[in-house]
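K.L.:
The lines below spell out each chain.
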Amino acid sequence: MKKVITGNQAVAYGVILSRVDVISAYPITPQTTIVEELSELTASGRMKTVFLKVESEHSAMAALIGASTGGVRCFTATSSHGLAYMHEMLHWASGARLPIVLVNVNRAIAPPWNIWSDQSDSLSQRDTGWVQLYCEHNQEVLDTVLQAYRIAESVKLPVMVVLDAYVLSHTSEPVEIPTAEEVDAFLPPYCPEYTIDTQEPMAFSTIATPDHFLEFRYKIQKAMEQVPEIAKKVNDEFRSRFNRGYGAIERYGKEEADILLMTSGTVTGTSRIVVEKLNRKGYDVCGLKIKRFRPFPVEEICKEIKGAKKVAIIDRNLSAGVGGIFAQELRASLYSREKRPQIFGFVSGLGGRDITPELIEEAIQYTVDHPQPEEEILWLGLKK
Amino acid sequence: MIEIRFHGRGGQGAVVASKVLAVAFFHETLYVQSFPAFGVERRGAPVMAFLRVDRQPIHLRVNIYEPDHIVVLDPTLIGAVDVTAGLKQNGWILINSHQLPEAFSDLKGFRRATVDATSIAVRNGLGSRTSPIINTAILGAFSKVTGLVGIDSIALAIREELSGKKDENAKAAREAFQEVRF
Amino acid sequence: MTKQFVFKGASQMPMISVSLGHMDWNKTGAWRAQRPFYEDKTSPCSAACPVGNDIVGFIQKITEEDFEGAWNLIREENPFPGVCGRVCFHPCESKCNRREYDEPIAIHALERFVSDFASNLNKKIRKGPGARKNKIAVIGSGPAGMSCAYHLAKLDYDVTVFESSSLAGGMLRTGIPSYRLPKDVLDREISNIAELGVEIRTGIPFGEGLNLDGLKNYQAIFIATGAHRGRDLHVPGGKGRGVFSGLDLLKKINLGRKVTLGDKIAIVGGGNTAIDVARSVVRLGKKATILYRRSKEEMPAFGEEMVEALEEGVKIRYLVNPIRIQQKDSLHRLECLRMELGEKDESGRRKPVPIPGSNFFFEADNVIIAAGEEVELFFLPKGLEKREGIVLTQRDGNTGARGIFAGGDLTSNQRTVAHAIGSGKKVALAIDCYLNGKDSEEALRQILTGEGPSISMFRYLHPQERLMNPHVVTFDELNTDYFEPSRRQRETKDLIKKRIKGFREITSGFTEGIAMEEAERCFSCGTCVGCENCYVFCPDASIIKIGEVLSHQVDYDFCKGCGICFSECPRGVISLKEEAR
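Protein chains in written order, with numbering that gives the first Met the number 0: chain R, 0 to 383; chain Z, 0 to 181; chain A, 0 to 580.
Just chain R, same shape as in the assembly:
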């Protein structure tokens, strides 16, 4: 069934269809309508879920850690300061290898106060051991929630699904909503490897001395390294069942080009239009959408770079002192490669400013015109 729904409603549909057992969340703009919808569905009995009301996002994640350790499927949603407040518990969830799925609606972190789209909140959590998946449109939002549980429960790592504030969260567009039977066939019930059982009590999250701590972290890294392969398998199966899918990355425009434009989130949508237009004009440019940020799709990107000499990358985030975080990751991944294209790191659209087709065109034109960037950070649309 196709319906015109917002990105936040798409999240809620994904959660219902995933037959989540426990939800715990705290409201924050622009995520609130997700948990409003879910709490209403739970309260009315249309959804068989335990909804734990809590006093903070830290508690929300803590509650889910308890529930997930009990062996059930868990969900939360947050945004911006809420995600920041969860930080400690995010580490705990991955360290305890709990396949919790969290939806973060990208929003800037204050001050100054700003409720609009900006990836700095989720990217601040890049070292917490969570898989991170960014979405371009509402259909992808719903589908990614479904896939996230499959991935999380396979590798035993938590997954964060990320969508842009307002541009997706509050924007209505047609979304195909699969039936419960279709999703049940794709997403089997969660079978935990370890679970709390009062009949056979075990000690969880015990101390690990210097003799063992390193090895536990090594195992998390190994699990992360499994993600590309498992995510691909999950997506392939998804595609075969639902006739649509999303890779860790997706190339569009020309098959091969001198210039590669890299984007994430909804900027990709607008970029598709620009790349198509410039290709018609004869520009040698193609686009690359990055869906998965953690683990960073190094292999996949290297394959797609092919003969590209320059990569223009647009970051809607800023790691002050360094620049755009996607650009930084890209530079680090390419350093050891033989072919290293020039990286043009653009920072734009912070705090929800529109990244218009004109700005994207400007970025590509700059990349065409310069053999190498004049500065490490190229500010796009900055009013000087």
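Honestly, I wouldn't trust all of these hints.
Stated by the list, open to error - DSS-like cross-link-like pairs, simulated, lysine-lysine; straight-line CA separation at most 30 Å:
1. R:52 / A:544
2. Z:165 / R:276
3. Z:87 / R:382
4. Z:165 / R:2
5. R:47 / A:544
6. R:218 / A:7
7. R:276 / R:253
8. R:1 / Z:107
9. R:1 / Z:164
10. R:383 / Z:143
Simulated from the structure, these hints should not be mistaken for laboratory data.
Once you've looked at the hints, dock chains Z and A against the given chain R.
P.N.:
Using the frame of chain R, we list chains Z and A on its own:
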């Protein structure tokens, strides 16, 4: 692609109007994208909502700067806000007003249409006499004026998207369809 | 000591830092320094109830919509819930812990609700099957006598009640106006007692037609003849024509006899009788003025009734004392002195002192003296020890004479309905002990509610059930985080205009919905209601449930004694004690 911009005041239902119209177009097998102007709105403050309609999937993810048509839910916004900003040549501007289109002489140069959606809403018991809900009636007028979307699709969308007074709202849209002046 | 594992490498290690097997062997209970345990405790309301009602118990039944269960619980201790729910001065509510939080529970109204509910169902306690044992005579059918007869009948004794008046009920019938206690409520509760097999013989005054010799074939006798004589004012003219005793007047009105009064009535006194008289004469269409020698603060009448009296047009003049009553034709002139308050007297109240030369006159058609009541002693058998106007007994009501017990207003200056009912219950138990050769002092000590003096008949009959620590739960011992403020429900009263037109009951009882709402407000101090906070919060999963129900047992193999259950229990049910090492 057609781009439409709604002007209203916080609480008037501009966002819902945009969503209902999107669903109406969707029923005519078009792709749609409906969104509010994201902000920290207060009741009574000027607000905007946007709608894109296309035959292909819509990838563009920015605000609407050069709309094809404009819908104004509250005539007092004209003058207070630059409602015609970026409006394309030949674009319609549809205003909720009891006056004739010619009365809005400041908007000369655009195609003007008016409908007394307020009276229609009051007549159909939508909202209260002091703050009638006119966002459904005006969509009926939009259907007639632009010819872009059928009145039956509008009525169907109203029934789907509204939780109460479905019949009254659909009836108001059909009355506005008849009464709009242009 | 636990064995320390060192893995050779990551491949041997589990995915997470988890024990390699189950940890049942690790009895963490061994670390415990203190031990939590479930122990129901006494609620302050029950401890304060002279009757010994299980108040928390019956209120919880109301919350469960088990009104019949509530009725049965009340009737274990009290044959007069309909009376008490209306006229008891509810000391329970003064001690209710909720008073310190917002407003106390309307316990009296809930008790009345239960009795009204039961009357609608025509629910009555039927005679027990047991063979009648010894014969007991009860002299006086007031609350003390009837309470004693009720409990004795339930203990399978053959009880006969002798009443001097033509109708049973004692002061409940003659002293309390029916706008406070309708006669049908009293009749219903007395007939419930009679249905247990109690024989009530009316019109037999003790000391006249009946004496101890005539009661020889009774194995025990309970004298509960009350205090029916109005105290004299001891002023000149205090016994003149048109000057009446308040108790006599109430009795006449209550028994439906004709009373002839002028229009303007002066009532001397400040107790409940003065208020009852004043409100009754207002209902007869007269003007009532109460003259009281102390100030409002010292007035022994219950606050609410004073408020109602004032609403109904009764005037009260404070710090006024009549010293002489003169009569001229049908008009009475009361010569009064104005008073001021001096030092505190033995009752703890400030003593009124006359202001010299402040004499003034107050005119009235009739003067009613309501300056307290006294025990009529002349007809009592010889050998009973009397002091300061009351009969002296031991704690259990034993008069010292073999098989003769006394109680109620006759033996106490705490003359309330509730005290009388409690006294009758105590004597029933004492008689049972006496006839079975048991030590009544010891038996009483075993069944005190809290620190006493009220007692639990249930515990006397079932010593091993519903065990309860006598400790009275204080407000500080509750965890009020789990309660929400709420308004106390109030019974509706008739409009004043309607009230003074007659002797109809002026308050209406709770509806089922309101009663349940009010019952929900009860903190249930000291009694577990199964909220499961202990179960939810225990970090060691050591609170044991059997099926879905709390077992009220702790798994001491694993309980580390953290005390979270103790601190999160909203109602102080869990206790902690130090582990003996």
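K.L.:
Evaluate each hint against the coordinates.
P.N.:
Here is how each hint holds up against the structure:
Between residue 52 of chain R and residue 544 of chain A the alpha-carbon distance is near 25 Å, which keeps this suggested pair within the 30 Å criterion. Straight-line distance between C-alpha atoms of residue 165 of chain Z and residue 276 of chain R comes to about 44 Å, which puts the hinted pair past the 30 Å bound. About 27 Å separates the Cα atoms of residue 87 of chain Z and residue 382 of chain R, which keeps this hinted pair within 30 Å; it holds. Of the supplied pair hints, the one linking residue 165 of chain Z and residue 2 of chain R holds, its CA atoms being roughly 19 Å apart against a limit of 30 Å.
Note on residue 47 of chain R and residue 544 of chain A: the hinted pairing holds, with a Cα-Cα distance of about 24 Å set against a maximum of 30 Å. Proximity of residue 218 of chain R to residue 7 of chain A is assessed by CA-CA distance (about 15 Å); at most 30 Å being required, the pair is judged to hold. At roughly 11 Å between alpha-carbon atoms, residue 276 of chain R and residue 253 of chain R fall within 30 Å of each other, so this suggested pair holds. Annotation: proposed proximity of residue 1 of chain R to residue 107 of chain Z is violated, straight-line Cα distance about 41 Å (limit 30 Å).
For the given pair, residue 1 of chain R sits about 24 Å from residue 164 of chain Z by alpha-carbon distance, which is consistent with the 30 Å threshold. At roughly 47 Å between alpha-carbon atoms, residue 383 of chain R and residue 143 of chain Z are farther apart than 30 Å, so this suggested pair is violated.
Hint check: violations occur at hints 2, 8 and 10; the rest are consistent with the structure.
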